[in-house]
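These are the residues of each chain, in order.
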Amino acid sequence: MLHKSPAQRVALAVFGLVLAGFFLFPTYWMFTTALKTPAQILSPAYDLIPTTATLKNFVNAITKPDFTTFLTNSLIVTLGAVACALAAGLLAAVPLARLRFRGRKGFILLVLIAQLAPLEALFVPMYLIMRDADLLNSLWGLLLVYVAFTLPFTVWTLRGFVKGIPLELEEAAMVDGCGRWGVFTRVTLPLLGPGLVATSVFSFITAWNEFLYALVFMREKDKQTLPVWLSSFKTAFGTDWGGIMAASVIYAIPALIFFLLVQRKLVSGSTAGAVKG
Amino acid sequence: MTSTVDTARSAGTPPPAARPGARRRARRPLSETALPYLMLAPAVLIMLALLAWPALQVLAISLRKLDLGELVRGEVKWVGFDNYTAILTDPEFWVIGLRTVLFTAAVVLTTLLLGLGIAVLMRHLSGWVRGVLQVCLVLAWATPIIATTTVFQWIFDQQYGILNKTLVLIGFDSFKGYSWFTSGTSTLAVIGLLVIWQAVPFIAFTLYAGLVNTPRDLYEAAAIDGASGWAAFRAVSWPSVRPLLTLVTFLSVLWDFKVFTQVWAIRQGGPDGESTTLPVLLYLRGIAASHFGVSAAVAVLMLVVLVAVTWRYMRLLVRSPETEL
Numbered sequence: 001m002l003h004k005s006p007a008q009r010v011a012l013a014v015f016g017l018v019l020a021g022f023f024l025f026p027t028y029w030m031f032t033t034a035l036k037t038p039a040q041i042l043s044p045a046y047d048l049i050p051t052t053a054t055l056k057n058f059v060n061a062i063t064k065p066d067f068t069t070f071l072t073n074s075l076i077v078t079l080g081a082v083a084c085a086l087a088a089g090l091l092a093a094v095p096l097a098r099l100r101f102r103g104r105k106g107f108i109l110l111v112l113i114a115q116l117a118p119l120e121a122l123f124v125p126m127y128l129i130m131r132d133a134d135l136l137n138s139l140w141g142l143l144l145v146y147v148a149f150t151l152p153f154t155v156w157t158l159r160g161f162v163k164g165i166p167l168e169l170e171e172a173a174m175v176d177g178c179g180r181w182g183v184f185t186r187v188t189l190p191l192l193g194p195g196l197v198a199t200s201v202f203s204f205i206t207a208w209n210e211f212l213y214a215l216v217f218m219r220e221k222d223k224q225t226l227p228v229w230l231s232s233f234k235t236a237f238g239t240d241w242g243g244i245m246a247a248s249v250i251y252a253i254p255a256l257i258f259f260l261l262v263q264r265k266l267v268s269g270s271t272a273g274a275v276k277g
Numbered sequence: 001m002t003s004t005v006d007t008a009r010s011a012g013t014p015p016p017a018a019r020p021g022a023r024r025r026a027r028r029p030l031s032e033t034a035l036p037y038l039m040l041a042p043a044v045l046i047m048l049a050l051l052a053w054p055a056l057q058v059l060a061i062s063l064r065k066l067d068l069g070e071l072v073r074g075e076v077k078w079v080g081f082d083n084y085t086a087i088l089t090d091p092e093f094w095v096i097g098l099r100t101v102l103f104t105a106a107v108v109l110t111t112l113l114l115g116l117g118i119a120v121l122m123r124h125l126s127g128w129v130r131g132v133l134q135v136c137l138v139l140a141w142a143t144p145i146i147a148t149t150t151v152f153q154w155i156f157d158q159q160y161g162i163l164n165k166t167l168v169l170i171g172f173d174s175f176k177g178y179s180w181f182t183s184g185t186s187t188l189a190v191i192g193l194l195v196i197w198q199a200v201p202f203i204a205f206t207l208y209a210g211l212v213n214t215p216r217d218l219y220e221a222a223a224i225d226g227a228s229g230w231a232a233f234r235a236v237s238w239p240s241v242r243p244l245l246t247l248v249t250f251l252s253v254l255w256d257f258k259v260f261t262q263v264w265a266i267r268q269g270g271p272d273g274e275s276t277t278l279p280v281l282l283y284l285r286g287i288a289a290s291h292f293g294v295s296a297a298v299a300v301l302m303l304v305v306l307v308a309v310t311w312r313y314m315r316l317l318v319r320s321p322e323t324e325l
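Chains A and B, in that order, are what the protein sequence lines are. Counting with the numbering used here, you get residues 1 to 277 for the letters of the first sequence. Counting with the numbering used here, you get residues 1 to 325 for the letters of the second sequence.
Incorrect hints may appear among the rest.
[To be verified] A few chain A residues that don't get close to chain B, going by computed Cβ distances all over 12 Å: (1) ASP47; (2) THR51; (3) ALA172; (4) LEU189; (5) VAL216; (6) LYS223.
[As the list claims (entries may be wrong)] Okay, derived cross-link-like pairs now, EDC-like style, lysine to aspartate or glutamate, Cα gap no bigger than 16 Å in a straight line: (7) LYS165(B) x ASP240(A); (8) LYS4(A) x GLU92(B); (9) LYS223(A) x ASP66(A); (10) LYS221(A) x ASP66(A); (11) LYS77(B) x ASP90(B); (12) LYS176(B) x ASP157(B); (13) LYS64(A) x GLU171(A); (14) LYS77(B) x GLU92(B); (15) LYS234(A) x ASP157(B).
[As the list claims (entries may be wrong)] If you only want the chain B side, here are some residues facing chain A, beta carbon under 8 Å, derived: (16) ALA142; (17) PHE152; (18) LYS165; (19) ALA189; (20) TRP197; (21) PHE260; (22) TYR283; (23) LEU284.
Everything labelled a hint here was simulated from the structure, so no lab data went into it. Heads up, the beta-carbon is just placed ideally off N, CA and C, and yes, glycines get one too.
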């Protein structure tokens, strides 16, 4: 961007594209493998660029029994967890950023330490809690677990974003006769847009990806989620690579849509929260 | 459920810190005083019930003999520090621990260097190349872990993997049918590459956002003063990225030290346990072998390591004027 010779520009562009290729390749390979026939996949020929394409793998994956059930379960649990984590997180982030009260530091410390815990380690007590609360095999139970997993990060990041909003803006609105609620909905909330988006991406990815708790807490088949479904493609008889790649593409699509919807706001948003850590 | 929450509350809530000066603004109606606590309540309840309480239980379990039998019978058998003694006198634990620390260090360092490099590069790229790079990064970031892990297994496949095919094509015939998973080191290298590939986009975007927000006239001033590219970076970019870099380092250490899904999915810690890391050990001892007490001890030791490594940063964070405000 700053003064450069044409040669430098070209060199930079080439370098940038090579890096882009490196990051694109696995996704590209997943997609093209999904389009291949079993014979093509297991042929020794060099096939970086696919010559023929079939949608059979996708059709097979989608028409597998229970696919829609798993998809619906995953969407309910993930989107539900994102919404709850954002609501509870925002509610906590505002006083943490704006008000002074006793125990505030203690709470911040709790949030920080909560992020250190290895979640695989909480497994047994979590299982007992869910069992005693009769939440095993319940989508609500899984949703609650995912809210807990993402909440510390959500509170921490959102607090930074709230702090990033100049206090003067809120005070100006107050002077103009806005009530506290009015200030929040008309000034704070719109400015928090990017922050909410950036934070929701994190919760979405965490919940959408979670495998271990989903596998063990959801014993009934009609309550299971997509990560569990994906693992069902690997059997003792070997791996159906075309099938599992097609399933992976399908599994990635909702995450991708979510990302593309929010991507624009992400870049402008991610600093505000982060800087104020 | 209610009783659970109550116990967790009394056990887990840190004592409210008495701060001088907190009284200064204290003349407020009761509803005002209660407001922050009401707003914090949902988050506090969820975190105490589903994080703090289980964490305390893990601490308690690490002092108990808890295998499947005890779990089913609901038996409580205290054994003091036996689990810790068992783990700490196991030479395997030290090997795995050291391996985990080295793996984390290597992955974090590579991720940060690559992320920072890409962030700087993005500022210097022309419009469409930057767009292409960003889209590719977002794709890498958005592809779910399990899907990515599967693709990596397929790329590195012994017989039909595209990597071996490519290596043979460009003349390295010895890679025909080469297995990348015969030694722990190369298995961990593949896992590391996978983790780095997924982690770099977040780091790059965060640092890029920090760089973009650096006022442009600072660069112009540096240029007028005759600063070269590197000097300008050190004088202008570095100060504005540094706090962000510290933050993403902290997060990367946390995340990479605890990586489980990828390590487990690639080779279950094999061959011969050579790519086993602490989270895998925790899973093997706990969920797979049902020695929950021993597994809990591993978890507590992991937490001790993490706190020791990040202690300085956490103290800094809690003491900074940011939090004091």
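Here is what the structure says about each hint:
1. ASP47: Given that some Cβ of chain B is not farther than 12 Å from that of ASP47(A), nearest at about 8 Å, it is violated.
2. THR51: Check passes; 15 Å lies beyond 12 Å.
3. ALA172: holds, 20 Å
4. LEU189: For LEU189(A), whose nearest Cβ neighbour in chain B is about 15 Å away, the distance exceeds 12 Å, so it holds.
5. VAL216: At roughly 8 Å from the nearest Cβ of chain B, VAL216(A) sits no farther out than 12 Å, so the non-interface label is violated.
6. LYS223: Given a closest Cβ separation of 19 Å, the condition holds.
7. LYS165(B) x ASP240(A): Between LYS165(B) and ASP240(A) the Cα gap is close to 20 Å, so the pair fails against 16 Å, i.e. violated.
8. LYS4(A) x GLU92(B): Given that 16 Å is the threshold and the Cα spacing comes to 55 Å, the pair is violated.
9. LYS223(A) x ASP66(A): holds, 10 Å
10. LYS221(A) x ASP66(A): holds, 8 Å
11. LYS77(B) x ASP90(B): violated, 22 Å
12. LYS176(B) x ASP157(B): holds, 11 Å
13. LYS64(A) x GLU171(A): violated, 57 Å
14. LYS77(B) x GLU92(B): violated, 26 Å
15. LYS234(A) x ASP157(B): Roughly 15 Å separates the two Cα atoms, so the pair holds.
16. ALA142: Constraint on ALA142(B) satisfied, holds at 4 Å.
17. PHE152: Holds - the Cβ of PHE152(B) comes within 8 Å of chain A, reaching about 7 Å at its closest.
18. LYS165: holds, 5 Å
19. ALA189: Since the shortest Cβ distance to chain A is 16 Å, the answer is violated.
20. TRP197: With Cβ-Cβ at 7 Å, under 8 Å, it holds.
21. PHE260: holds, 6 Å
22. TYR283: OK, holds: TYR283(B) within 8 Å of chain A, min 6 Å.
23. LEU284: With a minimum Cβ separation of about 11 Å from chain A (threshold 8 Å), the hint on LEU284(B) is violated.
The structure shown violates the earlier hints numbered 1, 5, 7, 8, 11, 13, 14, 19, 23.
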